[in-house]
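Knowing the structure of chain P, use the given hints to seat chains Z and G on it.
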Amino acid sequence: MTRLNARIPEGPVANKWTSYKSACKLVNPNNKRKLDIIVVGTGLAGASAAASLGELGYKVKVFCYQDSPRRAHSIAAQGGINAAKNYPNDGDSAFRLFYDTIKGGDYRAREANVYRLAQVSNQIIDLCVAQGVPFAREYGGLLANRSFGGAQVSRTFYARGQTGQQLLLGAYSALSRQIALGNVTLFNRRDVLDTVLVDGKARGIIARNLVTGEIERHAAHAVVLASGGYGNVFFLSTNAMGSNVTPAWSAYKKGAMFANPSFTQIHPTCIPVHGDAQSKLTLMSESLRNDGRIWVPRKMADVEKLRTQSIKPSDIPEEDRDYYLERRYPAFGNLVPRDVASRAAKERCDAGFGVGRTGVAVFLDFADAIKRKGHDTIDALYGNLFQMYEQIVAENPYETPMMIYPAVHYTMGGLWVDYDLMTTVPGLFALGECNFSDHGANRLGASALMQGLADGYFILPYTIGNYLAAEIHTPRFNPDASEFTLAAQSVTDRLKQMKSCGGKESVDTFHRRLGKIMWEYCGMARNDAGLTEALYQITELRHEYARGVNIPGGLDEYNPELEKACRVADFIELGELMVRDAQQRKESCGGHFREEYQTSEGEALRNDERFAFVGAWEYKGREIAASLHREELQFNEIKLSQRSYK
Amino acid sequence: MNFKLKIWRQKKAAAKGEMVTYAVSEISSDSSFFEMLDALNQQLITTGGEPVAFDHDCREGICGTCSLYINGRPHGPLKGVTTCQLHMRSFKDGDTIHIEPWRAKAFPIIRDLIVDRSSLDKIIQAGGYVSVNTGGVPDANTIPVPKEKSEAAMDAAACIGCGACVAACSNAAAMLFIGAKVSHLALLPQGKVEAAKRVQKMVACMDELGFGNCSNTYACEAECPKGISVTNIARMNRQFIGAKLFSEREKIVRVSL
Amino acid sequence: MFLYSSMTKKVLMALAGLFLVSFLCVHLGINLMLLRNDGGRAFTEAATFMGTNPVIKVFEIVLFAGFLLHIIFGMLVSGQNKAARPSPYSVGNSSDAAPFSKYMLHTGIIVFIFLLLHFFDFYFIKIGIVAPPAGIATHDFYHRTLLLFSTPGYSLLYIFCFVALGIHLNHAIQSAFQTLGLNHSKYMDAVKVIGSAFSVLIAVGFSLVPIFILFFRQ
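Protein chains in written order, with the numbering used here: chain P, 1 to 646; chain Z, 1 to 257; chain G, 1 to 218.
The set of hints was computed from the structure by calculation and includes no laboratory data. Where a beta carbon is used, it is the ideal one built from N, C-alpha and C, also for glycine. All the pointers check out, no bait thrown in.
Taking CB as the label site, the calculated pair distances span:
hint : chain 1 : residue 1 : chain 2 : residue 2 : range
1    : G       : H184      : P       : D315      : 46 to 52 Å
2    : P       : R476      : Z       : K251      : 33 to 39 Å
3    : P       : Y139      : G       : N53       : 55 to 61 Å
4    : Z       : P138      : G       : F67       : 50 to 56 Å
5    : Z       : K12       : G       : L157      : 48 to 54 Å
6    : G       : H184      : P       : N396      : 31 to 37 Å
7    : P       : N396      : Z       : K147      : 23 to 29 Å
8    : Z       : K12       : P       : E399      : 47 to 53 Å
9    : Z       : A13       : G       : M50       : 57 to 63 Å
10   : Z       : K149      : P       : D315      : 42 to 48 Å
11   : Z       : P138      : P       : K305      : 58 to 64 Å
Under the rule of at most 27 Å between Cα atoms (straight-line distance), these lysine-lysine pairs were calculated in the DSS-like manner:
hint : chain 1 : residue 1 : chain 2 : residue 2
12   : P       : K499      : Z       : K12
13   : Z       : K105      : Z       : K79
14   : Z       : K147      : Z       : K197
15   : G       : K82       : Z       : K6
16   : Z       : K122      : P       : K32
17   : G       : K186      : Z       : K244
18   : Z       : K12       : P       : K496
19   : Z       : K201      : G       : K82
20   : Z       : K251      : Z       : K192
21   : Z       : K122      : G       : K82
22   : G       : K186      : Z       : K79
23   : G       : K82       : Z       : K16
24   : P       : K504      : Z       : K4
25   : G       : K82       : Z       : K12
26   : P       : K373      : Z       : K147
27   : Z       : K147      : P       : K371
28   : Z       : K149      : G       : K192
29   : G       : K82       : Z       : K244
30   : P       : K59       : Z       : K201
31   : Z       : K16       : Z       : K105
32   : P       : K201      : P       : K254
33   : Z       : K122      : Z       : K244
34   : P       : K373      : Z       : K149
35   : P       : K32       : P       : K201
36   : P       : K201      : P       : K25
37   : G       : K186      : Z       : K149
38   : Z       : K11       : P       : K504
39   : P       : K496      : Z       : K11
Chain P extracted, bound-state conformation (with noise of 0.2 Å):
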């Protein structure tokens, strides 16, 4: 149990980063040329450390999956990137962004981190709007900030709805001029489907090129895994088609421990799913419950009306609409942290109220708010967004009021890492939504590309000279040495064995099944019943997996179906783990619901005597059950308290 050290600074929070900085080990710039780093991913977390460590001297090799960097699906997210600049003067401080973030979280995440998140935040502003990103302006030329769920203030700057995309834009931007400086290799359309340990140490990876199928081995003196979130595991998730956990799997198999792997943020206003063959969801921003109003009918029979097309939504009086997150939080109303909001939706739906030819989906009105501000002003704010649903669904939210309906969007597990974004493996790290670190239970909106950019721009430059201080005498690695030969040997093994297996169905069969289980039993609300029958289930998924997938193609060419045989093979066992952690953790917090543990209005119960720690998860072997670890939370700065929104 010793072996979770968190090694947070010691000190007041608020100046545990400023000392740190200040104490830790650096690096020579001579030194600097002579360590290699390797990144796997190129997200804002990803393409921000490597543009940042490229700029510092080090020797940084960088992998995608995708053919170019700049696609990473960082640049999908919509709404925005939290600062505790507090320019509308609205009373915001880096304390408030720091206390929004944990109490938004349910208090499962740890005070330090987060507390140096809102800290750096004001810098990544600086930063990006200096790489040229075309931030949203006042007529007076300064930045622009809306609101956003689960927060009292204006702290989100936005770049119209692709914030993401502009952000991800800038530092690949960063990360191109290193590439072309020659202080960055960029590896693209690469598999990572290993990490190489030497002396218990991270020391390099094994790649397959996913072009002529090779298997690389690269090495380097640290790891640094950015490879975003598993939210994938659903078969249906807002995530890109190619978001995989493998490199963190990988990792986890060789010791790295994977936290809170059940903590699944499942977000409100995403496009309703429309049949059999959906391949994936859309998420609309959160920005929308900014002016848009949720409600479905009042009367049952209105719903059945409206099933029938025979009324129109705006047929429905107003004393007939049931706007429910506005009665149940009069406080946040329509802005509540998402969890709350994706609840309150299902709870509706279940109840039978739910819209749409599925009866699962609520609608988001925004007639008022486009008599209030006028088509134009809503036009400039939600205009793409608009487009969107209009080209998806082919009904137009000016007229009609849209339908969404929650799904899985963000993963708040993810590899356990200490103050210094380091794993339980010595020198590999992990950043973004590949670790577990900042949101605890639960993300609040625009706090994704602030953790991503943080970890990457600000935090780990720092801590990875820390670590990287006592390897100067490290030599280079050959990675002809037996443990790359190893590793590369067991993948090519592994991918000869699923190949041959000879099964008939395909990949996405069983990716299919996995996601209808994990949704059914581990998704937006969970009981010990269900978990149970799920990890029966997916035991039962795994061995037809392994002998009843069928994968045509070569192992030496490009081969789609291939890469998704490996991606859905971790799938499947992390969905295990993830049902493992949510039937242990018995209690509800943030995006974790276990119905057992609820209040008496249907909120969600936490149990902080028992349930104050992250639980970390370390891999035991193939048939073995993982054996979890605690790392305790002390909240010495925020009071625990029941989330109300009300």
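Below, chains Z and G without anything else, positioned relative to chain P:
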């Protein structure tokens, strides 16, 4: 809905390719174009064939991974959308749909419908950035930017780097792609510092990679899923001419330590 | 010249093109004098002026340079553009594109062939490389013109070539503005309208002469 598909199949870069005909049936009109191709691939896998390889990732129109030249148009018949946002309701039941990869010397085919677009990354590497390092930058609000400029910059910055402009262009030119990046940065005070150098380096890189140049057909603007305007190309031309005519020669300054 | 970047080539081509437009205006003005029923007096006077004035002589060289520049850069850029897509699509591109913009090379080649023809008919006679047809003096462009246009086939070919030139100009003028970076939302519509009107004026203006000679001249 039922469709006849004519799809370009090519095993690898060096192989010879050809159009192959397939049929898909019982496709929902709400399905996206890729969900229709998913259905085809499932059909191919279960019947022992090799699935069609195509590039796709976010499937929400922002990552720029998807391509496809559908019935003579990049990203298909609709204006202002990527292929992943195209739905089968935009076609008629029984239609024959021709699907080809994007064709340009600078976009070699990897397999079937997948092309290698790293040339676009190389163009950005040639100068599509502001040379600032992490840390040591001024407070964000010390650089005021007129709202109109910032909006125009955002219009240009909306480029998703999909390469539809190259695919649509009769000259396989990347002028809209470069024009967008040059404009985005030239419109902002942060980017002005390096503007002259940037435009020359990026154009030189484009030529080197084997792209064509503009004959101002504006097909790129018509096919751009993000509606990026050719006025960005004009702005780049202006920048380029200005840079060629008036930019200072770069002196190599030796710093002795 | 070959080493210039594609953009420089295009800019020089556009500048040369705009210069050639000014020549077209002068030439059209002189041609239209043929419509005067004065037995070719005004036309001959103008032609003599153009043929003997020393300033014009110098400009003639500049003009040839302009033509050469426009043609050579046009060919170079087109060559690079063709090479940029070595394997064609199997379904032709049906993207919306500016009218006639895809036929610049074709119309350009037609105009170039016409230019050669025109040189044989007039310029080479003037400078004495080619002998004038029987009964017409070396510098008698008036009767030479009448003789040529009294052949309907030649007149038709002439009109065809100027329609091609009109099409070329229709895109060329606004395209040159774009290439020179002079595309601004405030003015571009006007540039397009004026450019199109000018191209029609050139095509119709030059075509009037053979039509007049064929049908209306007694």
